[in-house]
Amino acid sequence: MYDYPPANVEGPYKILNQYHSKPTKMRVACCGAGASGLCLAYKMERMLSPGSWELTLFEKNSQFGGTWYENTYPGVACDIPSHDYNFTWDPKPDWSQFFASGAEIQGYFEDFAERHGSKKYMKLNSKITEARWDDAEGIWNLTITNPKTGEVSKDWAHVFVNGTGILNTWKWPDIEGLHEFKGPLMHSAHWNHSVDFNGKTTGVIGTGSTSVQIVPALQKICKEVQVYMRSPTWISPPFGAGALTNDLQKGQDVNPGQRQYDFTEEDKKKFAEDPEYHLDFRKRIEAEINSLFGMYIQGSDLSNQFRDVITKEMHRRMGPGHEKLKEFIIPKWAPGCRRISPGDGYLEALVQDNVTPVFDGIKRVVPEGIETVDGKVHKMDILVCATGFQVAFQPAFTVINGAGKSIKEDWTNGPNLYFGVSAPRFPNYYTIVGPGATWSNGTLIPSIETTIEYSIKCMKKMQTEGIKAMTVKQEALDAIYAHFDTFHANTVWQEECRSWFKDGKIKNRIYLWPGATIHFLKSIKDPRWEDYEYTYRYKNRFAFLGNGDVKATQSKDILGLSPYIRNSDHEWHID
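With the working numbering, letter number 67 in the sequence shown gets 71, and the count goes up by one each step, no holes.
The set of hints was computed from the structure by calculation and includes no laboratory data.
All values reported here derive from a predicted model rather than from experimental measurement.
Watch out, some of these pointers could steer you wrong.
[Said to hold, decoys possible] Pairs of lysine to aspartate or glutamate residues, derived as EDC-like cross-links and limited to a Cα-Cα distance of at most 20 Å, are as follows:
| id | residue 1 | residue 2 |
| --- | --- | --- |
| 1 | Lys-383 | Glu-180 |
| 2 | Lys-274 | Asp-489 |
| 3 | Lys-383 | Asp-98 |
| 4 | Lys-47 | Asp-115 |
[What the hints assert, rightly or not] Derived Cβ-Cβ restraints for the label pairs, each shown as a range:
| id | residue 1 | residue 2 | range |
| --- | --- | --- | --- |
| 5 | Thr-360 | Asp-178 | 18 to 26 Å |
| 6 | Asn-551 | Glu-49 | 39 to 47 Å |
| 7 | Ala-140 | Asp-178 | 22 to 30 Å |
| 8 | Val-156 | Glu-413 | 52 to 60 Å |
The beta-carbon is built from N, C-alpha and C at its ideal position, and this holds for glycine as well.
Just need the whole structure built from these sequences, with the hints factored in.
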C-alpha cells in the first residue's frame, strides 16, 4: 500500500503540508491488453502527472491484441472501414484494404505498442478471476490465474478498469451431441489451423457476422459447404464508402457486388505524403457514418429507403431463382435491428453449386454429421461453429463490492451501467464501452478513446481532491435509462429480432446509446460530477487545498506563477 499524509480522521483538523491539488499516488489495474488497454496506457502517460501512478494491463493470453489476436478464422476482417479503425490520433496510411484483415489490424496494434512503449505495462498469461472491493482501504483486491500453469497470484489497485469488451468469451452452441462428432470440430474464435479443408465437406452453423466472413473463404477450397441457416440477416452495402467511391474508385468499372477495395501503392503513397488529404478522407468516412443514424429511427424516410435499397441489392446479388433462400435470409424486421454486415461475397457464395443452405432446424449432432428436425442426416468431414460469443454484459470475472454483493447479483434484472462505463455500488470501477454505449450505431475506436479519457478524468479528480472512492448514483442511471426506454420505443432496435443489444432477447431494454457515435462522444466528453457520490480520504473535503502554495511556487516558475497575465483573452490554467 502507499503511504498517504495523516488522514485527519480523529482529533482536530490539520492542514496538509502540500501544494494545492498535489496528486496522490494511484495504482491502476486493467483487465485486457487489446485496443482499450493500449489506449489506456497511452492516455494515462499524457493526462496524469508523471510519477503519480502505476498501471498494469493483465492479459489472459500469451500475446496482447484481444479480439484480433484471438480471431484468426479464414476471412476474418473488420466491418468498419480500416482508415477509421486505428486510433484517431495515430492514422495508418498504408492499410492494404478498405476493410482490413484481422491479421493486419493485429499488426497495427503490435506496431503501436512497440512505438509507444506499451509492453512494459503488460502481464501476459494473467487472467483476472476476481476483483473484490475493500471499503476500509479504498482498493480492489485482485485474484489472477495463469491459464497455462494454474498458478494463482494476488495484486491490488485503487482503480480497476474492465477493458475486455462485450464480445470476449466464446461459447459452443447448445446442441445435443455436439462433441460426439467424429471429425474435426472447431469454433470460429478458436480456429484449428492444422485442419486441411481442401476438397472436404464442411458444415457451418450460423448466419451471423462471423459466418458471413467464413463461408466465402471456405467455398473457394471445400468440396461442399453446408450452411445451417439459424436466422435471417441483412447484408448491406459498406458504410462510409462515399469517400472511396468518389475518390479512389472514380471512373473505374466496379463490380456492384464487390464491397472490398485493395488500396494501390499509389493510394498509400498519396495518403502518406499528403496527411491533410488523408485526414479529409478519414473525416468523410466518419461523417458519412454519423450522418446515417436516421436509418435506425423506425419508419423514417432513411430507414425505409435503406430497407428498399438493401432488399433489391440482396436479390440482385443472389441472382434469379433461389426463392427459398431469399425468403429465409431477408429479414422481416428493419435493417439495424441486429448488427448489419457488409458481407463481401457471402450472398454470392450461398448460391454456388458447392454450397448448400440448410433451412431445417438442427435436432442434434451425430458422429457423422448433423441430423435436422426432418430426420435427415447430413454427412460432413468438418464441423465449424460460427456462433459468436457469449455476450459479456456481465464481466467474465467475479466483481464483488464492499457489501459483499457481486455484479452478477446486482444485475439480476439486467445490466446497470451508467453511460456504459460506471456501475452504482461499485466504486472506482470503469468499463470501457460496456452495455449502453455505442456498439452498432457508429465506429468503435472513438468511443473507446473518449470513454478512457472520461475514466482518466475521474482518476485525476480522485488524485487531486483527496478522494478515496467515487461511485455513480443509482438515481442518475435510472434517469438515463428512462431516456433510453422512451427514445428506443421509436427505433428499429425494438422490433422483434433477437440481438445482443437486448441481452440476447427478442423483447428487452435496449442497451445501445440513443444517438450516433458523435452524440455519445459529446455526452461523455466531460464527466457530470454531480452524478457521483464521494468518499474522501481526509475528514475535510477541502484538505487538498494544502498549505497555501501551488505547484509553481516550489519551482519559482515565472510562467507557472502568472498564467492569467496575457495579451489576449484565451484560456488559462494553474497547475
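Now for the hints, and whether the structure bears them out:
{"no.": "1", "hint": "Lys-383 <-> Glu-180", "in the structure": "holds, 16 Å"}
{"no.": "2", "hint": "Lys-274 <-> Asp-489", "in the structure": "violated, 46 Å"}
{"no.": "3", "hint": "Lys-383 <-> Asp-98", "in the structure": "violated, 44 Å"}
{"no.": "4", "hint": "Lys-47 <-> Asp-115", "in the structure": "holds, 17 Å"}
{"no.": "5", "hint": "Thr-360 <-> Asp-178: 18 to 26 Å", "in the structure": "holds, 24 Å"}
{"no.": "6", "hint": "Asn-551 <-> Glu-49: 39 to 47 Å", "in the structure": "violated, 29 Å"}
{"no.": "7", "hint": "Ala-140 <-> Asp-178: 22 to 30 Å", "in the structure": "violated, 43 Å"}
{"no.": "8", "hint": "Val-156 <-> Glu-413: 52 to 60 Å", "in the structure": "violated, 23 Å"}
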